[in-house]
Structures are given as structure tokens and as C-alpha cells.
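So the sequences go chain by chain: A, B, C, D, E and F. Under full-length UniProt numbering, read the first sequence as residues 1 to 238, first letter to last. Under full-length UniProt numbering, read the second sequence as residues 1 to 238, first letter to last. Under full-length UniProt numbering, read the third sequence as residues 1 to 238, first letter to last. Under full-length UniProt numbering, read the fourth sequence as residues 1 to 238, first letter to last. Under full-length UniProt numbering, read the fifth sequence as residues 1 to 238, first letter to last. Under full-length UniProt numbering, read the sixth sequence as residues 1 to 238, first letter to last.
Be careful, since some hints might not be right.
Where chains are identical, the list cannot tell them apart; a pair therefore holds if satisfied intra-copy or between any two copies.
BS3-like, lysine-lysine: derived pairs with alpha carbons at most 30 angstroms apart [unchecked claim]: (1) K143 x K196; (2) K46 x K82; (3) K143 x K233; (4) K22 x K143; (5) K233 x K22; (6) K82 x K52.
These aren't lab readings, by the way, just hints derived from the structure by calculation.
Number of protein chains: 6
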Amino acid sequence: MRPSGRQLGDLRPVSIETGVMKHAEGSCLIRMGETHVLCSATIEDKPPSFLKNSGLGWVTAEYGMLPRATNSRNRREAAVGKQSGRTQEIQRLIGRALRAGVDRSALGERQIVIDCDVLQADGGTRCASITGGWVALRLAVNKLLASGQIVSDPILDHVAAVSCGIYAGQSVLDLDYAEDSTAGTDGNFILTGRGKLIEVQMSAEGSTFSRDQMVELLDLAEAGCASLIAAQKAALGQ
Amino acid sequence: MRPSGRQLGDLRPVSIETGVMKHAEGSCLIRMGETHVLCSATIEDKPPSFLKNSGLGWVTAEYGMLPRATNSRNRREAAVGKQSGRTQEIQRLIGRALRAGVDRSALGERQIVIDCDVLQADGGTRCASITGGWVALRLAVNKLLASGQIVSDPILDHVAAVSCGIYAGQSVLDLDYAEDSTAGTDGNFILTGRGKLIEVQMSAEGSTFSRDQMVELLDLAEAGCASLIAAQKAALGQ
Amino acid sequence: MRPSGRQLGDLRPVSIETGVMKHAEGSCLIRMGETHVLCSATIEDKPPSFLKNSGLGWVTAEYGMLPRATNSRNRREAAVGKQSGRTQEIQRLIGRALRAGVDRSALGERQIVIDCDVLQADGGTRCASITGGWVALRLAVNKLLASGQIVSDPILDHVAAVSCGIYAGQSVLDLDYAEDSTAGTDGNFILTGRGKLIEVQMSAEGSTFSRDQMVELLDLAEAGCASLIAAQKAALGQ
Amino acid sequence: MRPSGRQLGDLRPVSIETGVMKHAEGSCLIRMGETHVLCSATIEDKPPSFLKNSGLGWVTAEYGMLPRATNSRNRREAAVGKQSGRTQEIQRLIGRALRAGVDRSALGERQIVIDCDVLQADGGTRCASITGGWVALRLAVNKLLASGQIVSDPILDHVAAVSCGIYAGQSVLDLDYAEDSTAGTDGNFILTGRGKLIEVQMSAEGSTFSRDQMVELLDLAEAGCASLIAAQKAALGQ
Amino acid sequence: MRPSGRQLGDLRPVSIETGVMKHAEGSCLIRMGETHVLCSATIEDKPPSFLKNSGLGWVTAEYGMLPRATNSRNRREAAVGKQSGRTQEIQRLIGRALRAGVDRSALGERQIVIDCDVLQADGGTRCASITGGWVALRLAVNKLLASGQIVSDPILDHVAAVSCGIYAGQSVLDLDYAEDSTAGTDGNFILTGRGKLIEVQMSAEGSTFSRDQMVELLDLAEAGCASLIAAQKAALGQ
Amino acid sequence: MRPSGRQLGDLRPVSIETGVMKHAEGSCLIRMGETHVLCSATIEDKPPSFLKNSGLGWVTAEYGMLPRATNSRNRREAAVGKQSGRTQEIQRLIGRALRAGVDRSALGERQIVIDCDVLQADGGTRCASITGGWVALRLAVNKLLASGQIVSDPILDHVAAVSCGIYAGQSVLDLDYAEDSTAGTDGNFILTGRGKLIEVQMSAEGSTFSRDQMVELLDLAEAGCASLIAAQKAALGQ
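Isolated chain A (complex conformation) (with noise of 0.2 angstroms):
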């Protein structure tokens, strides 16, 4: 029994609520039960500077947390002084993700920001964030649209992620807070609209999984993102 009382294939409640940020090209808050992430996109007109004249442009992203998302204090990170090496990775493997579904060309040369910030903390913030972070994408690139900026869809599929792991010894979906902090596997897939695979990263410490289950895993999570994908869709109005 998981400690929700989900089902093994449950997601949490998804929620997905655009234009909350007044500012932003695109924004939404993400809410998948307890994990909450707030996600903008920027557009800024210049790519990076390794990207001049190449006719190609970047999406990029940035990741953090509040200090008091969790349930005990985190240090803020601007006072630290660094980003630790668990949110470089977060938010390099953000970026990635939200590219591989981007045509970078029909994108032209400028940048996409997207930033996300994890209001509260309940396990899989780096999944809600590439999810919301699409959302927030697409928005940005549809005012890219109809403003003629460009015109040509860069955006190339839907991008969604959820975790999956080994809980007390079962294949479980979307993983909360008190699962994975005790699973012994866990891992974060990343899928397109259409079922293609962009990211998979399993991981196990202090233990080890076999090939069925790695199967297994990904069998949960064509399913969760295909509710994802939905859930983005109906968030957009599509």
C-alpha cells in the first residue's frame, strides 16, 4: 500500500494553471498534489554568444527552490553563494529535455528562459518542472506567433516527465516525498506527445534493479505521461 493510498499507475491530482505570472511571456503554476512549481518563460532576443550567427536559437532553464519549500529549511542559494550540484543538474537536465522537442532553426536566433521555482516540495519537482516548463514554452512561442516574430512552429512535440520507482519492492508511479526517500530504484523518464523516449535516468544507491524492472518502470511511465500530455493540452485549452 503506498503511503496515499494511491494505486501502483496513480498519479497525484495534476493541476495546471496558465498566466499567473503578469510579466512573463508564458507562466504557469504547477500543482502535482503537494509538489507545487511556479514556471516562466522568457524571451529574449539575442541566443547565447555561441550561437551568433548560426541561425539557430536556445532554450535554456533555471531551477530553484524556496528555503522553506521542504519540511526543514534549506539554505537560500544566493546566500550560500552557489547553486549546489543537485540544481545545476536539475535544471541542465530541464533544459535538455524542453530542446530535444524545440526545432532550434525554426526557432531563429533568440533564447527562451525558462525558470522554475519550486514554491512547496513534495517529491518530483524536476519532473513538474519540465512539465510545466513546456507549458510555459509554448505559451511564450505562441506570442512569438501571432506576433509574427516567426512563422514557423518551432515547438516540435509535447514534452512531459514523470518519476517512477521501486517502493517496497513494487513499480510505482510519481513518486511523493515519503516514497522516494525511501525507494531503493528511482528514476526520471521524459516522453514526447507522440510516445518517444527523450530522457530516461534510473538510479539506484545502495541497491540494484534488473532489466524487467527497468521495463516495468517504463511501462508506468508511458501511461503517466500520457496523462500529463493531456493535462497540458486541457490547461491550454487545446
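Using the hints, position chains B, C, D, E and F against chain A.
Just chains B, C, D, E and F now, with coordinates in the frame of chain A:
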């Protein structure tokens, strides 16, 4: 005429929603018009080291702003690797203001950390942080009292803050960004529930002001803080 | 009775010695009692980048304190690897104050950097930095005028600063360290030669103050700044 | 055809030379083709502070690359003043992988630090670091066993890692830099001596991959790791 | 002919004024021509941690330069966020030199920190710092002896330093900036009161020097340090 | 008797292996007994900015040490976040020494960066870095000459370095760690192929030395550097 259509002595619509962060000992989301600040209070069992064995407690604050809280994106301070001078100045001010309303001896050897994170900015974020931060502090102290960890209430009085300034030659209350960015003189006033002053900061860049204007702004601030304290009481169900 | 034996409205002995740094475009050593600050002005041909092609100049300030300027040694900020929040707050204040007395259009696209280094501290270092910094600025601008690099004087008026506070229940002028460290309320007032206000900062940690006290301190500050401006004139041979 | 002329399932020539650093408790130089990594193990008497009085030990890793290990010179991280996100991600991965093969209770309250320094890079440095790092770890643990400091072997199994990817549309094993820099999908697989999985990381930037490709790469990785583990055994004279 | 008109073996005018910083346990302002360095000594009750329970004391030094001590303004190291390599090299040299003249066992488990801050620079600041730093150290130790905190004098001998170099083909003593910036070879010599050597640093950038020149410079340095030690004695009233 | 059994004037066995880093324009592994340093030279098309349009080139050096190059592990400087004062001092010395042997005008507007990374340390790492760094520099310059990018050889002479010191009262050549850590006086001598001096650094911590000892060490150094230069020639096949 003010850009927002408000009268000279009008506050923006104020709302204070409590209990918005499930992990924090106290929290609220304060909105002053389009300025939105999430405030949380964390109770730590130990005071800072300089107060060890002093019998006294401490209240401190940290301040942050989401990169896209503003019209154009600001660089994330955690990524830059340090808090700006402005951020440090503001968080020192918040901490000083809240401590002025606390009997640190009654608080005992513990620390309460107030985190103020600006989700959306439209002027007056430091004042909103103080007014909202006090509500979070009040809720956290209530928990300490309810659990019997402390016996006499260390909170001496309400603390609230408001900005005033000289905009287009006239003294106005609670400047929004449109006003703040062009005001000749601009001040922050921090007052108690009994109308006593905790801090006055008036500043003119590229212009000067007179004694009379100083008094005029103080009049506006007294009225404004009284309204904010009423909002604090309402939010706390007093 | 004040620790130094001064009357409530007495400044400490003030001396301003000019031309003390042979390389600087303007310099002075200001002594307010046992507080000694070395101030220099450096003229830079270019304004900061945000003013490029604006036709406007800039005045900025940096503040430092020798490690053993104080009773117990402070860690050297260069060795710590960053300027403290207090240092940043002070240098921002000095720059803002001096800019308020300058016509940045008449100054033209250049920058003047005022360095204020405290050789010995006994309270009131930020105020001494402003009063002395203005003298260094005046001397540097005189050089620009003498050489014909600028034609109309960009300096609008004298700028001077003094601290006042409530010590042992009484309003006193120009607090020394013995007073400052125990004062209930403590303020800094920056005024022009014509007696207009540039900045007022009053602050109470662990106590509060009234409107009447605020006005009392302002009265002291007006008299104090008038004396300081007379000292500036004398130092400059006006 | 692969740039190196290798077959799809071929590893590069592997060599593992032990005992190359006279001061370290364990060390080896691992060469996978032109990728050369110097690995050392240091035994520390105390575990990290979060494990004090837990009865558990810790294995951690640090990763570095000489500035001219690569085709064009990289800035020295010590001179830049921080480790890049990539470096931190890699050293976290190495540590996590090695810990998965260790019984931390049998290790007892001590820490083993694995340093992996890339002398020359031609793709696959993180995998070589894990495979070589395990050999250094094994040698250091042997010393602890030989001296009687620990009595039961805390090493549960071999740990080895290899990269696989989709290059020019085909699944290939052990990518060198020429392949890695153009591969559509690229993954790292960490396995034990018994063929269990410790970590799988598959990533596509600007493209996607299918379930079938994921399984194909896993097949290659299983064969590759088996060969690497044979090389570890040979190097250790088992 | 030297730019200053001095003879080859002439020092610049030297003055050492003691007791210039009221808070420090020892202090002096040393002037060697237009090079002015403020030196202070701070006594700390504890030695650095690596000497705990060793019975030995420590003498260390920190060095700084005001931003406008030089002809063009240098960036403030505290603002840059680190001490330059040059600064660190100099302060390590000062500390090493002063320790060579101290019996650390007689000093006992305490630390004396020498701060050397260059108010104005015209070449030779590191040598002036050593010569002046020794005076500050002597005064602080006198205090420890006077108060009975230590009983036998830990100072073994005077320590003084002077630069010499090859300027325009000739060996000259005590280079000023005009000479230093064009000298082919340039050295710093640190000697004791008895004429023994503590440190010799000779360096040629873009040229070389011979054994004979090395000996010639040493001759000049011996005479120069003897004069400096006489000046130390005079300043101390010996 | 020396710990290693060497005679007073004996170098340790020296070996210089060239071409050890396939990406670098020049490289060698220099071994002086158990001190092993990997040296590489990187040619950069542009000089540092302060030499733009000067017609002059630059040679600079960076120095590092693997964490476990030494008997106990040192913290990785990249992880600490800055290079130590010792590291900076050493790399400044290496750069200065190599530049003294180069005609920067013949080199033209480019920069050569010498990286010296200590794989294993047993005393004398800075001297080995200079001797080996010069070989890497020579090889890189040979490439520039071979390709016709420069026409006249900018290398004026060999540069080599050796340490000498007073160990157990006797002057010895090429100190190893066992000697270095207890030597009263310790020096580094950098000489050219023609026997001219580039840099002399002699230092005594807690003791002093005489003129005669200085000359004795210089005699040893001249003989030692002559042998090292012979080893450089042999390694280069001259």
C-alpha cells in the same frame, strides 16, 4: 492624477492569505495590488552563535525575488553567486523592523527566520515583505505558545510598513512601480500598531525635499499603516 | 551627560585636510573626533555602461574600513571574499547622497569614483565619508573646470551628513561609538548647503520613537550640517 | 562505419595499470583508447559529519580534467573559482555508482574518497572514471582488510560503466569523441559483476529514441561491462 | 642619474611615526619617500588552530592597498571578491619575514596579526611593510611584556627590508616607481639587525643577471637595511 | 647523510618524456625522483588584452596538484573555489621564469599557456615545473616555426630551475620532501643555458643565513641546472 487612478492617500487593494505553505511554522501570501510576496517563518531551536547563553532569541529575514517577478528578467542571484547590495539592504531592513516588535527575552534562545520571496513585483516589495513577514512571524509564535514552548507572548505589537513619495509634485501613498520609477523622493515608513515609528527612510536621488514634505509623507504613512494593521488582524481572524 | 562631556547639540572637533593623496584628482582626510576617513576622487573618462550615449555622468562611491580601525579587529573584506551587507549599504548611501548634489548632465559622460576608507572608527563613519567625500568630489570637479574639460559647474550645492540619536533618553548630535552602541534610536541626516534634505534614515532596534523625537533630531541635524558645511568651505579656502 | 574502424559492439583497447601513485591507498591509470584517467583512493578515518555515530561509512568521488586533456584548452576550474555543472554532475554519478556496490555498514565509520583526474580525453571519461575508480577502491579496501581495520569485505560486487549511443543511425558501444559529439542519443550504463543495473542514463538532445533502441543499447552495455569487469580482474591479478 | 636625483646608494627619506592608530596594540605610519604604509599589530589570545596545544605562537600579516594609492585607480579587492596573487604573495612574505625574527616558543600560544595598508604607493611597498610591520610588532610585544603576559622577550632581532635593482645598467638602492617599472632586475632583501639574511628575492623579467650583480645588490641592501634599522630604533626611542 | 643516501651535490634521477599529451602543442612528463609533473603548452592565437596591438606575445603558466599527489590528501582547489596563495605564487614564478627566456617580439601577438600539473609530489615541484615547462614551450615554438607562423626563433636560451637548501647544517642540492620539510633555509634558483641568473629566491623561516651560505647554494645550483639543461637537450634529441 496617479497612473492607477487612485487618490493620493489610497492604498492598493490588500489581501493577506495565511497558511499557504504546508511545511512552514507560519506563512502567508500578501498581495498589494500586483505586488505579491510569499512569506514564511521557520523556527530554529538554536539562536545564532553570538547569542549563545544570553537568554535572548533572534528574528532574522531573507529576501529574494523570482527572476521574472519584474518586467524584464533579472539574473537569478543564486546563479550570479551573490546577493546584490539591494537584496542585502532589504533583508537587513526586514529583520531589524520585525525585531523591533519582539521581546527577545520572552522569545528565549531560539531563532525565527522569515523568508520573503517576491513572486511578482510592482513596487513596494520591501514594505509588503515586512507587513506579510509579521503575519508569518505571528503565526509561528502562536505555535510556540500553543505547544507551551514559550509561556509569555514575545510579540509586543503589530509591525507594518508602507512606502510614500513625491510623485509629480504631490505626496502619495503606496507607490506602484510606475510611480516609484519616476518619483523625486521616496520613503519607507515602518510603524507599530500603536502608531510609534520603527524606521523612517526617505531618499532623494537627483533632487531634494523639505521638512514640510517629510511631515506630509509621515501623515500619509500613519494612515496607511493603520489600514495595513487592520488587514493583518482580519487575516489572523482577530 | 554625554560620555565625551559634550553638550547635547555639540559636534565633535572637525578637521578636513585636503590634498593628502598625491595621485588622486581630489582627496581629503576628514576627522570627526577620533573618526578618521581618507576620501579620494578618481575621474574616469567613461560613464558606467548603462549611461553610454545618454549625455549623463555618474558619481559612485566605495567604502572600506581598515581591519584595525575598530576596537577589536574586523576580518579584512578582501580576505573574506566579499563586502558585507553593511559595507554595501553604506557605499550605496554615499553614492546616492553625492549624486543628489550633482547635475549629471553638466558633468557629461564621465564617472567620478569616491573612495572612503576609514583609518580609525569611533562612530559616524558613513556621515564623515559623505561630508569628506563631497570635498574630494568638489576638488576633482574643480580640476575638470580648470582644464576646460567641462564648462559649467555640475555641483549644485554642498552635501553634508551627520548622525543624531536618542541617547539615555535625550536627543544628541553626532554620536560617538560609546553613544551609538547603546542608543535606542539612531539616525543619519544628509542635507544640502541650502538646508534641504537629501536623505533621512532613522532606525530603532528593539525600541520605537515618536513623531516629536523625529522632529527634534532633525533640528539638531540642521544645525550640525550647517557647521559641517562651514568646515567644508574653510577647508576649500572659500 | 565507425570513425575508428571498430565494429558496432567493440570496446576500445582497455588497460588498467595499478599502483601508479605512491602516496594513495589505492590507485590505477585506466586507458580506454585515448581516454586516460588517473584514479586514486584515499581512506579517511572519519565519515562525513551526517554519518557520525551511525555505524555507516561513505564513499565519495571528485572528478577533474587537466586543462589540456582536450583538443582545445579548457579553463582550469580552480582558476575559474568553481566546478562546472558538468563536473559536479559527473562526480555525483561516480560516487553514487561506487556506493551502490558497497555495504556501508561493513565499511564502518570511515570515508573513502575516489579522485578521478582525466589526463587525456577522447570521450567516455565518466565511464572510465567509474571503472577505474572501482579498482582504486578495491585496492584501498584490500589494505583495510589486510591491516585488520575491517574484518568483513564491504565490497559487494564489481562496478563498471560504459557508454553506448546511436551513431549514424546505428547502436554502438563505447563512443569516442568523434562519435559522441555527433550522436543523436547517448547513454551511460553502470552494471555490477552479476549483470545487475546500478544506473541508466539515456539522453537525446534535439532528437528522440524508442523503446527498442533503449533495449538495443542495453544489450551492448551488458556485453561491454562484462569485458570491463574481466579487465578489472586481470589488473587485480584475480 | 636616477629620476629622483638620488645617488646610487641613497635611500629615500624615511620616517616612522608610532602610535597612530588608537585601537591597535602597536602601530606606525612608515614613509619611504612618497610610499606611505600604515601598519598595525593586533594581539589575539589564541594561536591558529594548527598550533593548538603546541606551546608555540604565530605571527601573520595581511596586506592591502587603497584603490587610489596608485597613479591610476586599482579595483578594490573586497569588491572584486578576492585578493590578487600579488597581494597574497606579499602578505605571505611579510609574515614569513617577521616570524624569522621571533622566538615562537617565548611568544606562547597567541597570534599577532600585522596589517599593512598602503595609503600611497611609489615603489617598495612590500619592503616598507616589513620594516614598519616590525615596529608595530615590537610595540605590541612591549605591551605583552609590560603587562606580564609574557616574561621573556620573543623578539630575537630587528627585521628590515629594502629593494635594490639594476636600473639603466647600474645597481641602485631603494627603487621608486619610476625606477621599478623599468628596471631590468629587481630584488628584495630582508635582513636582521645583526646583518644576517632572512630572505633574498631577485627576479629578472625579460633579461638576466650575473653573480657579480647579485653580490653588488647585496652590498647595497646591507647598507640600506642598517639605515632602516637605525630609523626603527629612533622611532622606538631606543 | 641525506635521507635518500645522495651526496650533497647530487640531483635525483631525472627523466623527461616528451609528446605525452596528444592534444597539446607541446608536452612532457618530467620526473625528478618521485616528483612527477605533467607539462603542456597551448598556443592561443591572441595575446592577453593588455598586449593587443603591441606586437608582443606572452607566455603564462598555471600550476595544479592532484589532491592525492601528496602523502595526505589536499582539498581540490576547484572544489574549494579558489587557488591557494601558494599555488598563485608558484604559477606566477613559472610564467615569469619562462618569459625571461623568450623574445616576446619574435613570438608575435599570441600567447602560450604552460600547464604544470603535479601527479606526484616529493619536493621541488615548482622547479620541476619550470624545467619541464620549458621543454613543452620549446616543442610548441618548434611547431610555430615548422608551420611558418613565426620566422625567427623567439626562444633565447634554455631555462631550468633547481632547489638548494641548508639541511642538517650542510648545503645540499635538489631537496626532496624529507629534506625540504626540515631545512632551515631553502632556495630556488632559475638559470639559463649560458649560466645567467633569472631568479633567486632564498628564504629562512625561523632562522637566518649568511652571505657565504648564499654563495655556496648558488654554486650547487649552477652545477644542478647545467645537468638539467643537459637532460632537456637529451629529451629534445639535440
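Going down the list of hints, with the structure as the test:
{"no.": "1", "hint": "K143 x K196", "in the structure": "within (27 angstroms within a copy, 48 angstroms between copies)"}
{"no.": "2", "hint": "K46 x K82", "in the structure": "both (26 angstroms within a copy, 25 angstroms between copies)"}
{"no.": "3", "hint": "K143 x K233", "in the structure": "within (17 angstroms within a copy, 42 angstroms between copies)"}
{"no.": "4", "hint": "K22 x K143", "in the structure": "within (14 angstroms within a copy, 35 angstroms between copies)"}
{"no.": "5", "hint": "K233 x K22", "in the structure": "both (21 angstroms within a copy, 29 angstroms between copies)"}
{"no.": "6", "hint": "K82 x K52", "in the structure": "both (28 angstroms within a copy, 26 angstroms between copies)"}
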